[in-house]
Structure formats: C-alpha cells, structure tokens
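Just so you know, the protein sequences line up as chains A and B, in that order.
Residue numbers 630 to 935, in the numbering used here, belong to the letters of the first sequence in order.
Residue numbers 5 to 335, in the numbering used here, belong to the letters of the second sequence in order.
To be clear, the hints were calculated from the coordinates, so they are not data collected in a lab.
Even glycine gets a Cβ: it sits at the ideal position worked out from N, Cα and C.
Some hints could be false.
Chain B stretches covered by chain A per the calculated footprint, using a threshold of three residues with CB under 8 angstroms from any CB of chain A [what the hints assert, rightly or not]:
hint	segment
1	35-43
2	65-73
3	130-137
4	307-317
Across the chosen pairs, the derived CB separations fall in these ranges [what the hints assert, rightly or not]:
hint	chain 1	residue 1	chain 2	residue 2	range
5	A	Val778	B	Pro151	32 to 40 angstroms
6	B	Asp102	A	Ala904	52 to 60 angstroms
7	B	Arg133	A	Val778	38 to 46 angstroms
8	A	Ala813	B	Asp316	42 to 50 angstroms
9	B	Glu196	A	His862	30 to 38 angstroms
10	B	Asp10	A	Ala935	22 to 30 angstroms
11	A	Glu671	B	Ser115	55 to 63 angstroms
Take a look, some chain B residues computed to stay more than 10 angstroms from chain A by CB distance [what the hints assert, rightly or not]:
hint	residue
12	Val105
13	Val204
14	Arg331
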Amino acid sequence: MKLTRAVDDRTEDLYKQGKIPGVIFSQRGHEAIAVGASYALEPEDVLAPMHRDLGAYLLRGMTPGTIFAQAMARIGGPSRGRDTNTHGLGDLSLGIIGYISHLPQSMPVTLGAAFSFKYRGEARVALTFTGDGASSEGAFSESLNLAAVLNLPAVFILENNRYAYSTPTHHQYATRNLVQRAEAFGMPGYTVDGNNVLDVWQVTAEAVDRARSGGGPSLIEAHTMRMRGHAIHDPANYVPKQLLEEWETLDPIKITTDTLRNQGVLDHTTEADIALKVKTEVDAGLKWADSSPLPNPDTLTAGIYA
Amino acid sequence: MSTQSDSREITLGQAINEALHEEMASDSAVIVMGEDVGRHGGVFRLTEGLYDEFGSARVLDCPICEAGIVGLGVGASMTDMRPIVEIMFGDFTALVMDQVVNQAAKVHYMSGGNMTAPIVIRTTMGAGRNIAAQHSQSLHAWFCHIPGLKVVLPATPYDAKGLLKTAIRDDSPVIFFEDKMMYTEKGMVPNEEYTIPFGVADVKRVGDDITVIATSSMVSVALKAAETLATEGISTEVIDPRTLSPLDEATLVDSAKKTSRCIVIDEGYSHFGATAELASLVSSKAFYYLDAPVERIGAMDVPVPFSPILEDQTIPNEETVVNAARRLVGS
Ligand SMILES: Cc1ncc(C[n+]2csc(CCOP(=O)(O)OP(=O)(O)O)c2C)c(N)n1
Ligand SMILES: [Mg+2]
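Okay, chain B solo, but in the shape it has when bound (with noise of 0.2 angstroms):
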C-alpha cells in the first residue's frame, strides 16, 4: 500500500516521460527515434528534457520518415540496442506496417530464437480533438492480429510508467498506445522505482453483479458508469486487461463467472475490434456462468469526423454502458 510520502501525484504524460527518463539512465542501450522529440521535446511534450539529459546521440530528431526510422529500430534492436520509436498519431502506423508485422513480429519466430527485435513503438489513439478521421483513430486491434507483438494500453499514469518500463525491458516488440486525450490525467505514482508485468489485468472496481471489461480510454468511462450504477443498486466489477498480448485471460473469465453478465469496451471500431475477440472469449469460456450475451461497445464503425456534434456520437460514453448495463442486469 503506498501512502501519502512515498507516492506522488503526476498526470500520465509525466508518467510516461519518468519512464523514459529512468530506463534511459539505468541503460545506455536504450534510444529516442521519431519526429520532433529531441530538441522541441516532442509534439505531446512526451520526450521532454531526454535531450538535454542524454543528448543527440541518444535521443534522435529524425526526419520525416516512419517507415525507416522503425526499419532503423527494428535493426538497432536486433543489434543490441532498446530503441523506443514515437510515432506521433497512430494513424502514421499504416506507414510502418510492413517493418512491425513482416520483419520485428517474425524475426525471433523465423530465425529459430537467433534474434530478438526488443523495439518499442509508442503511439497515440482515441478521438476527442476535432481532428478528424486520419488523427484520431484507434488502431491497437491492428496489432493484436499479429502473433509476435505485443500490445499495451495505459489507462493510468501508474500503469503508463510501470507498464511502458516492462516494454522496454521485453525481448520482443511492444507497441504502447497512450489516448491522446488522457495525457493530462492525473493519478497516484510511487517515488520508488517500479514494473508491471505484462499479461496481468487489473481489478479497477470490485463487483458482483456485472462486469465491465474496458481498455485505456473507456476505463474511466466503465468507472464513471459503474458509480451511476452503484446508486441504482447494480454493483459493477471494472476490469482493465492492460495488455491486450498477452492476454489476461483467467482474470476476465472468472470475473464473468463471478457476476454472470459482461461487457466489453474499447474505443477502436467495433467492426473485427478488440471488443470481438474479448467478448468471443468470455462467451466461450464463462458460457455455463452467464445469465445473458456479452455487450460489445466499441467507436462507432465510421471514419471519425471532424465535426464535434459528429464525432462526439462515435466516443462510446457512460451513458452508453449504463444503459448496456441495466439491460443486461434487468435481463
């Protein structure tokens, strides 16, 4: 249990850099990539004072290029580096495609466990800044798909700082999303040094009559809606898996078997997202346990507009879950 004295309240942009920070002076292998984040200290001020503290050679201002700054990872990491690549929108992951799925999620697979590609892509999702539908996707689902990576989703600063110090520290490639409208988000970080491993979901809330599976962004939402719920007499467990690979699978499942409903909420699209496969495994393995179907909420399958009356509609919300929830509790 941290108290007061030995923790600290940061938001989880500053969780973030503190990480970065930390694992780049306990290890000279570790390196910066990506566009803006030395000297300007990066576009969501991710990456600030890294170059000052470890200078051009470790925190490299790389021109505009996705593709081969990650090739330049992936071969760095495969070399004995920990090369940690910020691609500013994740929507710029359509242009690293080929070096992420064919080369860095293969290599220790096809050369027989001869070579590692421990690279770390951190990324932004979520919708929310009137920016419109090539900067605000959330695209982690992409990831999942591929044997060989593993993904990771933050919700708190607590999470972004022991979980992305895990990804850098994994031997194999980790891609990080951090919701872009959360950076600001505050919460309760231990002075002390600390990791979190991968494939270990988090309890967030404790309940008994249904379950709430959410990621990064909706988890605030499952929290916010589970509070509403308490006042109507429905007792919500929330649950964060954290690392969408690997997959904490027995902690969803019992949960679901605890409380005989669920829910699942991700804020990619809906469509083949990461709520299908969530939703396919409590289904599968709580089936003699619940009392009604698995409730998917995902974004809203259309590419999100700029226009805040518009996109606002494609943000799942509290009110979307509550409503799932009395369904479900009434059924």
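Here chain A stands alone, though its shape is the one from the complex (with noise of 0.2 angstroms):
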C-alpha cells in the first residue's frame, strides 16, 4: 500500500511538472482494496484492474518504472506509448488484463478468462474490479447474470468510492446498497470495509477459495471514498469537505499502520526499513523509466493486426 501510495505521489508530480500526456486518476483511498484482493489471488489466476487497482498491478509483479514508463508514453510501459498510465496497462504474462476503459467492459472479458480455465479444467480463477458508477451499466448486469448461470470461477469486487465523477451514489443507484445484486443475480454477496486491507484479503480469500472449487461466482463490495477527483483536471468541489476530513481518519493506510503498531508488529525500524524500500525503488523505477525511450514514430502503424 506503501508502494502504491508513492507510485501515485510521484505520478502526480510528474504530470504537474508535465511529463506525462493526457489525464491521471489518483489511487487515494483505494489502495488497501487494490492489494487487499490482488493478495488473494495466485500466481496462475487473472485480475483485470479498473482505474484505481494500482495497488493491483504492483502486487502482481509489475513494477513502478513500467507503470511511470507507461505513463510517460515510453515504449518501457507495455503498451510502448500506445494506452495511457492505468488504462490499457496489461501484461498477461503478469496475469494482468489492462484497464478496459468502458465501463465495465472488463466484467464481461473477465468471464471470458473464466470461462476459457472453467473448460479446459484449470483450477484458476479470473478477478476484476468495478464501480459504484459502473454499476448502472447494462453490462454489469449482464455479467453477473452470466457469471451465475454458466457458474464460472469469477470474483466481482465492486469499489463503491460514493463517487462516479461528480454523481454521488444515491443518484447512480436507488437500493441501500449495491451487494444487494449478488442475491438478485443467484450468487453469494459480502460487504466489506474498503479501507482495511485485511478484511478484504480474507473475504477476497473466501469468493476466491469457492470460485476455484467450482462453487461459483461472487460479488464484494468494498466500501470506500474517492480522496481526490475524479481524474487530476477535476478539483471536486461538488465533495463536501466534511465527508472527505471523516474517510481522512480512515485512510488504509494508516488504519493498517495503526494495527500493526498496536499489535506490536511493526516497529520505527521496520517502518524506516519500508520507507526506505519503497523510496529506492520508486526512485530506481523512475530512473529507468526516464531512460526509456518514446516510441519510433516510424513504428505507428506497427500492431494493427495480430
């Protein structure tokens, strides 16, 4: 979480010091669902992150200098300069199926990965994120109407960060909540904290252990709040202040660090020890990403095709 949160500090430094083209979306908030459920996962599954899953891509072994690559358009990311930071950011080598920026497109080709480990009886297990907004899209239904019928091994974690840009829930949606769908959609539903990376790891765990045994698919909803707007262009002034100083006391990661000390975990040594990982490697990230270089332009029309 410690990772992510940095990555998602310097990316932001970067784009105000104008090295990186197009929009960024901020991670705050978000990260202790991000690698929460990504560490419920194995090596073989595949996770296909939304916007905010930075915490996800890290988890699965993508490191930060390919994420700043990516973002700062260099042929170091793995789309070499052709999609943008989040968005487009897979590798299925890591089990990473980028960002499918339609909403909630990914869900639909989520199933897909399940299906395919479902009929060739692999044990593996295909994960992906969605949104408060993302909900109220056809496809969303669609999937876990799908997902339930062919009983495929998928797990649905639905990110509700009371925002979809500038709509707040009670205007996306008009039930208390929106696990509520799992049981209208013939599968198992939880609620969990979003903010405590712990609890989701083990309700994640849970849908993960149930998809892989043939039981099914899930949906989880993790609460949360988007700390930021939307996207970096967007100052939010639709929030109100109060509510963002309340989810400020919740942020995961001091949450998480709280415990730990409280437990007797995690002590200054320790925690000077994590900063000091998470600096050198943010920097060492960024080093190489800068040393990428743009893409050839003679290589534009190169990959059309398969």
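Take the two lone chains, each set in its own frame, and fit them into one complex as the hints suggest.
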C-alpha cells in the first residue's frame, strides 16, 4: 500500500512537471482494496483492474518503472506508448488484463477468462474490479447473470467510493447498497470495509476459494471514499469537505499502520526500512522509465492486426 | 451583415450552451439528459447553468448507462418531448447503437409516418488530447451510413449555435458531433436569435484553383492551408458541408466544377469514411470538369495512440493539405 501511495504521489508530480500527457487518476482511498483483493490470488490467476487499482498491478509484480514508463508514453510501458497510464496497462505474463476504459467492459471480458479456465479444467480464478458508477451499465447486470448461470470461477470486487465523477451514489442507484445485486442474480454477496486491507483480503480469499473449487462467482462490495477528484483536472468541489475529513481519518495506510503498531508487529526500524525500500524502488523505477525511449514514430502502424 | 454592435465573440462551447439555454427557455418539451450534465454542468462544461435555470425535472443527471439514457430519450421523443442527450465521448456511442440505428432512425418510416423520434444526441469527436484510442475517435461516418439519421458537424461558434437550434427543432433524430479540441475556439455570433438550415453548405473562403471540402476540425486546417497556398499563387475555395446528412450536393459539386480540382478532408478514419462518400460524389457528378482525381485526406487508419509523437501523425494537418493541393495544381 505504501508503494502504491508513493507511485501515485510521484505520478502526480510527474504530471505537474509536464512529463505525463493526457490525464491521470488518483488512487487515494483505493489502496487497501486493490492490494487486499490481489493478495488473495495465486500467480496463475488472472485479474482485470480498474483505473484505481494501481496496487493490483504492483502486487502482481509490475514494477514502478514499467508503470511510470507507461504513463510517460515510453516504450518501456506494456503498451509501448499506445495507451495511457492505468488504462491498457495489461501484461498477461503477470496475469493482468489491462483496464478496459469503457465501463464496465472488464467484467464480461473477465468472464471470458474464467470460462477458458473452466473449459480447460484448470483450477484458476478470474477476478475483476468495478465501480458504483459502472454498476449502472447494462453490462454489469449481464455479467453477473452470465457468471451465475454459467457457474464461472469469477470474483467481482465493486469499489464503492461514493462518487462516479460528480454523481453521488444516491443519484446512481435507488437501493441501499449494491451488494443486493448478488442475491438478485444468484450468487453470494459480501460487504467489506474497503479501507481495511486484512478484511478485504480475507473476504476475497473466501470468494476465490469458492470459485476455485467450482462453487461459482461472488460479488464483494468494498466501501471506501474517492479522496481526490475524478481525475487530475477535476477539483471535485461537489464533494462536501466534511465527508473528506471524516474519511481522511480512515485512510487505509494509516489504519493498517496503527493496527500493526498496536499489535507490536511494526516498530520504528521496520517502518523506516519500509519507507527506504519504497523510496529506493520508486526512484530506481523513475530513473529506468526516464531512460526508456519514446516510441519510434515509424512504428505508428505496427501491430494493428495480430 | 453583422456589425460590431449586433454580434459578439464567444467560444464554440459557449455557443452550444447558449443554444441549449434558448431552446429550453422557448419550449418546455426540451430536456437535457446525460452523465454529470446537471449539477456539475457537464464534463466539458457545456450544460453549465441549465440545472440552476431549469431544474432537475428538465436537466437530468443520469446513472452511467448510455444505452438506457438514449433509449429513454427515444421513447420520450416519441411522446412529444424534445430530449437532448449528451454522450461524453463519441467512442461511447458504440453502446447506444441499437437504440439509435434500429429504433430512432427507423421509427418514422416503419410507422408509416405515425411516429417520430425528435431526439438530439450531442457527442464529441477528435483526437489531440492524448487520451488514446478509446476516447479520440471521430465516428460520425457510422451514423451517416444509416438512413433516417441526420448528422451535423459544426466548425465555428456561429454554425454550432445555429445548427444546434435547428437540430432541436427538427422532427428527425439528429447526431450532433462536437470536436472536443474546438470548444475554446472563438468566433462572432449574432446577439439576435437565428437558426441555420440543414443541408446548406457554407463557403468559408472563395477561390478559383482548387476546392477543399472540409468538415469540423478540418475546416480551420483547410483555411490555414489556403493562406499558405495563396502566397504561392494558388487560390483555394474552402467549403464546409456542415451537415453530412442531409448533404448539400449542389454547392460541393458546383465548386468542384468551377475550380476543376478537389480535396476532401475529414477527421474520421479514411477507410470507408466520410471522405470516401464526398469524393465519390464529386468524382461522379463533376467528372467532366475535373483536371485531376479527387484527393481524400482523413485520419490515419490506426487506433489513435496515446504517445503525442505517434498521435500527432494520425491527424491530418495543414501541411498535408498544402502538399496535396500543390500536387493537384501541378498536375
Ligand atoms: C461506458 C462509459 N461511460 C462513461 C465513461 C466515462 N467515465 C470514466 S470513469 C467514470 C466514473 C466511474 O465511476 P465509478 O464506476 O464509480 O468508478 P470511480 O471512478 O469512482 O472509481 C466515467 C463516467 C466510461 N469510461 N465508459
Ligand atoms: Mg465510484
């Protein structure tokens, strides 16, 4: 989570320095969901993150260098300069299907992966992330139904962060929560504190085990708060200050640190070691990314067809 | 002729906003729907102020469900409303195709004229923002392919305002494409109310040696090229069809007959794109007047890449037009 935060912060710096074209999406508030859920997977599993799941990429073994290179449109990124930041940051050798920009098209695609595993008799699981806003799309409902009817080894993590761009959840859906949809489509549903990494991990592990043993899909609604604007250019004046202040006290990194300190698991030396390790990794990554060349203009049309 | 006092300079974004305000004020059947269009005033700020002025019953903040929103708009339009739906990125129109292509476009014809679907879908097009292949396409040709739809591509604030007002009043479904790179471009717009009829091309610059038919973002590219060509003694006529459906064939063809050379330029993909239809029209109808084959310039047939050095190559520019014009005039 600390690495996620550090990469996220550095990405913002790079953007402000004009080194990243396009737009970037803050990860703040989503660290525990991305990390906790990914932790529950085995290396052979496949995961399809959304735009606030940087932690998932890191946990699957994608390096900060690769992530910076992608954001800076260098050939060192998986898309080789063809796609933006956390979009299209896929690498199937790490079991990552890059974020599919159109909401929530990662869901049906994830089902395709789950289907392949089931068809071939492999004990593998496909997991994907979606949002409170994305839940309103037809493909969200279609995916839950398909997954349940075909009894696929899939896990859906719904990151309910109170907002979809400027739209608060009470303008997004009329139910009290979204986990109800699990029952509506015939699969187990879980609600979890999305700022508590251990809770997220535990619940996801249960859903992953069920999927792996042939028990079918699950929907997990993880609650958190989007702590910044939708994207870097959005000041999010529509979010009440008080709401942000309340959630600031629940910062996933802070509460994990506090818990571990209280349990005596984390002492000052370890904390300092972690901080140094994170900084070293981020610095080295950025250096590597910066040395990665821009795409050769002559390669523009390479790769349109397989 | 407008003078200084009866017109003022505004941006293309403001022009659209004004058209929405005016049409909502004059007809209570006009409603605006979409994602983040109400309280927030739109992701590109095009619907700013509407919510405050007309309230939540007429400016609807919708959940994220483009197909549902457009379907609702189609049904509302069939029952005497005049919905204007905003689809944030033209790329997302892929999600609304069934309602648009199989319902809105067909309902008037298939009902024997019993029913109409006077919906307007406002959406964006255009590359140049470094937001990659799923947010940068210009997909208007898709809609031009379908009988029953009208397709509008304004290139100036004046055109945007006048055409949008016409779109809202039109009894057929209209797809209105706004280039997201042009929202801040300025131009003179009359203070007085006006509309611009569909199917009337606008001659943006008069010339004798070559005709450039340009749409949307490519109009300013063509005009800049015309300046350069003028210094070389090549006189360029620039024509903007403004609406691709219906198309003002006569103005385009007559200009090509006059100049005897023609370039068509449009930001959609070249392959099977708007330029193909326009070039075919001019080639067949002005055939005996042409001194050279019609040249087509479109976006490169490649998913728009994120990296600026790759992306920039995919969009036609002034130089592309100048080179093509030199080639044609030399021949
Ligand atoms: C089909 C589609 N419609 C609209 C968008 C534009 N868009 C991108 S992210 C977003 C908000 C998503 O909200 P949510 O699902 O809650 O995820 P969050 O950003 O809050 O993490 C919107 C509207 C899109 N990418 N795809
Ligand atoms: Mg959200």
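Checklist entry - Which hint numbers does the structure go against, in order from smallest to largest? => result 10
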